[in-house]
Structures are given as structure tokens and as C-alpha cells.
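*Asks:* Note that the UniProt record's numbering has the sequence shown beginning at 1, numbered continuously upward.
The set of hints was computed from the structure by calculation and includes no laboratory data. Each hint can be trusted.
Heads up, simulated SDA-like pairs for lysine to any residue below, C-alpha to C-alpha not over 20 Å straight-line:
1) LYS224 / GLU243
2) LYS126 / GLY432
3) LYS296 / GLU324
Predicted model only: the values in this text are computed from it and were never measured.
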Amino acid sequence: MVNHDSCECSVTDVFDPSQLHAQARRVRRAARELARQPGALRDDALLHMARALRAHTDAILSANQADLEAARASGLEDSFIDRLRLSPERIEQMACALDEVRALPDPLGGYDEMWMRPNGLQVAKKRIPLGVIGIIYEARPNVTSDAAALCLKSGNGVMLKGGSDAFASNLAVVTALREGLQQSDLPPEACEAIGFVETRQREATAHLLTLSDAIDVIIPRGGKGLIQFVHQHSRIPVIKHDEGVCHLVVDGSASPETVERVVLNAKVQRPGVCNAAETLLFTESALEEHVPRCLKSLSEAGVRLHLCPASAAIARAANIDFCEATDDAYAAEFLSLELAVRVVADLDEAIAHIDRFGSRHSEALLTESYAQSQRFIDAVDSSVVLINASTRFSDGGQLGLGAEIGISTTRMHAYGPMGLKELTTTKFVVLGTGQIRE
Numbered sequence: 001m002v003n004h005d006s007c008e009c010s011v012t013d014v015f016d017p018s019q020l021h022a023q024a025r026r027v028r029r030a031a032r033e034l035a036r037q038p039g040a041l042r043d044d045a046l047l048h049m050a051r052a053l054r055a056h057t058d059a060i061l062s063a064n065q066a067d068l069e070a071a072r073a074s075g076l077e078d079s080f081i082d083r084l085r086l087s088p089e090r091i092e093q094m095a096c097a098l099d100e101v102r103a104l105p106d107p108l109g110g111y112d113e114m115w116m117r118p119n120g121l122q123v124a125k126k127r128i129p130l131g132v133i134g135i136i137y138e139a140r141p142n143v144t145s146d147a148a149a150l151c152l153k154s155g156n157g158v159m160l161k162g163g164s165d166a167f168a169s170n171l172a173v174v175t176a177l178r179e180g181l182q183q184s185d186l187p188p189e190a191c192e193a194i195g196f197v198e199t200r201q202r203e204a205t206a207h208l209l210t211l212s213d214a215i216d217v218i219i220p221r222g223g224k225g226l227i228q229f230v231h232q233h234s235r236i237p238v239i240k241h242d243e244g245v246c247h248l249v250v251d252g253s254a255s256p257e258t259v260e261r262v263v264l265n266a267k268v269q270r271p272g273v274c275n276a277a278e279t280l281l282f283t284e285s286a287l288e289e290h291v292p293r294c295l296k297s298l299s300e301a302g303v304r305l306h307l308c309p310a311s312a313a314i315a316r317a318a319n320i321d322f323c324e325a326t327d328d329a330y331a332a333e334f335l336s337l338e339l340a341v342r343v344v345a346d347l348d349e350a351i352a353h354i355d356r357f358g359s360r361h362s363e364a365l366l367t368e369s370y371a372q373s374q375r376f377i378d379a380v381d382s383s384v385v386l387i388n389a390s391t392r393f394s395d396g397g398q399l400g401l402g403a404e405i406g407i408s409t410t411r412m413h414a415y416g417p418m419g420l421k422e423l424t425t426t427k428f429v430v431l432g433t434g435q436i437r438e
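Modelling step: build the complete structure from the supplied sequences, incorporating the hints.
*Replies:* Here it is as C-alpha cells:
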């Protein structure tokens, strides 16, 4: 067991670069020890971490309430506050996500490939952790527990840097997770694998991005400003989780019931998340049957509509309020009850629109045409492509990965939702019988 005091976070607004660097080096040492542990011990740690989250529910909610009050006082948008807000149900979901990760197969130790060379050498590729992963994210406290769980299960250490608006919530979650680690059967050296940047100061983020001797990869999750900041300042390889300008395309062959149900779900169910639809594209074949019905349903659901001339004419005839769509609207990640709508000539024009305005996150097509669906799958440059399903399914848990550490919009190493396997790499193992190179 580990001394309880050694793993507690201290709250300070005074940034000390040397302390941050020292913590990152401790996490690196812990990650090396963690990677040597059998999967059963890592699973035991996850079990205790989930129990600790549940046991600390009241403390986490109290901290979250302080963050919410500060956010409201700062005039932050409702969609931002929704992402920040925790409840007993959401904390239980966080704990359940840890349980789900624990139940997944161990990603380490297996051999992806093995082959024999003519000289008798056996060559294999064995799956190993990435090392230490730096996660920089904004106002979603559940990312704290999801990231810690996935990194621990995959044998990685993690340095967490959440947004200042969620500082108290993240600190409370980390405190619970560390307590769970201490109560597990992991050796003491492995129990410092969860690092947390213990200050709100922005300069701490910039310094974190320079610690290439302690951190192997940075994963930023947030808006354009955060992504640009990380790219400009990082000396560490970056796998970015960029904004979600997600498109939903409706073809004339799609059934009206499916269209209305999926469109509303993609936009309205939880508009403040990155896999909510931000632009709705109709092919001309869908103009008469689908556009009037969808505009009416969306308007009744309280969605502010940004309409192209063709869809605006239909809205005007039905006395539906709207504003004129612009290129800025088509490029926007609204994260709120707003939606851009455009009528395009055909699927090719829809794909061209996505190429211009999309963020390579998630794109969906509603159609009964097999040929159109295959064309869409092949032509759309996006990390997730969905046919006849809501963009809201672009999520690691929904796709069977367990919790996700993010949705990569970077082609290198991983593309799309990043689960356990995406947090590992491979090393070559060569078995010989005394061979020498001639």
C-alpha cells in the first residue's frame, strides 16, 4: 500500500515548473512499473477506483457545484454548463465506465503477428503501452475518470490537465481515483501513474507541452483555440481530438420516419457534445418529402435554424423562424440548439460540402440506396462514417470500445474513437538459435 498523503493533490494557483516536471517524472517511473504488472492487478485497481468514485459522490458533487456557480457567474453558455454539470446519475455512469473498461480484454502482452524467416529466425510484434500520455481537455469532468481508466488498463501513465472551469470537479475525481489505487493490490511504485496538473494557470499547460523527457504523446480534447495552442507549443507528438463539425445527409430514398427520428436525435438529444450534428444536408430528391417535415420538427424542438435559400422558402411558407445560412454557419461547431441546413443537388455535392467544411469527425447518411451508401463510405474523409444511424453513436462506448480517451481526427497512429488498443503500440521480438548475419 501507499501512504495516503503521498498521492493527494494540493490546490495552488502558484505555478512551479520544477514541481510539474518532478511529478511527470514520477508518473513515468510509475508507468514503467505498471506496464510490468499482470492484467489482473490492473483490473483490481480499476475495481477499487470505481468503488472510490461511488464512495466520493457527495464530495465530487460539492466540488462540481462550486464550478457550476463560478461558470454561471462568468456568463458561460448553457451548452458549456451542461458539459460541466455532474449528477449522481452521471457519476454512476463514470463508475460504470470504469467497470466496463475493467471487463475488456487485456490489450497488453499479445502478439499481433508472427512469422518465420528463411534463416530460422522467428519474428513477432508484441503489444506494449505507449508510455505516459498527456491529456489536455476542457469542461467535461467525466474525461478525467475515462482517461485514467483507459491509461491504467493499457499500462500507461497519464498526466491530466483539465480546464480551469472544471478544476474543483477534476481535483475531486482525481482524489477519489488515487484513493482507489491506494486500496488496490498494485505495488506502491505503480500507484503514482495518475498525474494531475494542480494549478489553474495557463502557463502550466505550455510547460507541460515541453516535457518530452517524461511524456510520450499529447492528446488535446477541445475547441479550435486549445488545438491551435497545443500545436504551436508542443515538443511532444500530438494526436488531436478536434472540433466536431458533424454532418447528417438525407437522401430522397430514406423513410420519413427514420429521417425525422434520426435528425432529432442527432441534433437535440445532447447538443453540447462533439458528436451532435451541426449541419443537415438534403439532396434535391429529398426536398419535397423530407425538408418541410424536418424543419417543422426541429423548430418545435427549439432549434435555431440557419437556412439556405431553398430551405428558407419552405420555412417562410410554413411560418417557421430562421436566419440566413452563411459560410461561417456551415463551418461552425455550435454545441447548442442551432443547426445549419442546406439543399444540395446530389450526393456528390454533399460530399464536396463535407470536404470543404467538415472536421473529419463524424458524418452520417440516411438512404435506402446501397449504391449511395457505398459511395458515401468510400468518398467521405472522416474518422467515423455512419449509414442510417445518428451521429451520436460516434462514441467509444457506443461502438463497443468501452470508454474512449477521445476521437482522433489525426490520421497518424489512430483515427476515430480511441479505445484501449489505440493506447498501445508494438515492439518487435526476434527469437533465434544462434544465427549471425553473413
